[in-house]
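Chemist: Sequence:
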Amino acid sequence: MNATDARALSDAAAKGPVSAPFIEALNEAITRKATTGETSIDPWAHLGTLRMPGPTLNAKRFIKAHFVARGFTWTDHPDPDPGHPASHAYTTLSWE
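Residue numbers (this note's numbering): 1 to 96.
It should be emphasised that the hints constitute simulated quantities derived from the structure, not laboratory data.
Among these hints, one or two may not hold up.
In the EDC-like style, the derived pairs of lysine to aspartate or glutamate whose C-alpha atoms are separated by at most 16 Å in a straight line are [as the list claims (entries may be wrong)]: (1) K64 / D11; (2) K64 / D81; (3) K64 / D79; (4) K64 / E24; (5) K60 / E96.
Please construct the entire structure, taking both the sequences and the accompanying hints into account.
Modeler: See the structure below:
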């Protein structure tokens, strides 16, 4: 097996059962927020309730591509206050 073959296996896993629970959780979070009139969520904040390890980097790329292909806007924001200990970079998934 070479690196290309290994990457193909990783991509196949990320597109299938590896990311399915995360996509399902985000779909539920979007439904909850949309019914209250909100237009965005922090996608990674809604995955902490799954009681499972977070998605791999490869799965994160697939999850992002999945929602962008469905017409959502995915925005990665830089840390708004780098010197503050409670400040950090964040992501929004919006449907405005």
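Chemist: The structure should be examined with respect to each hint, and the outcome stated for every one.
Modeler: Here's how the hints hold up against the structure:
Between K64 and D11, the direct Cα distance comes to roughly 14 Å. Compliance with the 16 Å bound is thereby established for this hinted pair. For a cut-off of 16 Å, the pair hint linking K64 to D81 is broken: about 25 Å separates their Cα positions. With a C-alpha separation of about 20 Å, the suggested pair K64 and D79 falls outside the 16 Å cut-off, and the hint is violated. Annotation: proposed proximity of K64 to E24 holds, straight-line Cα distance about 13 Å (limit 16 Å).
Restraint check for K60 and E96: not satisfied, since their Cα atoms lie roughly 22 Å apart, outside the 16 Å limit.
Taken one by one, the earlier hints fail for this structure at numbers 2, 3, 5, listed in ascending order.
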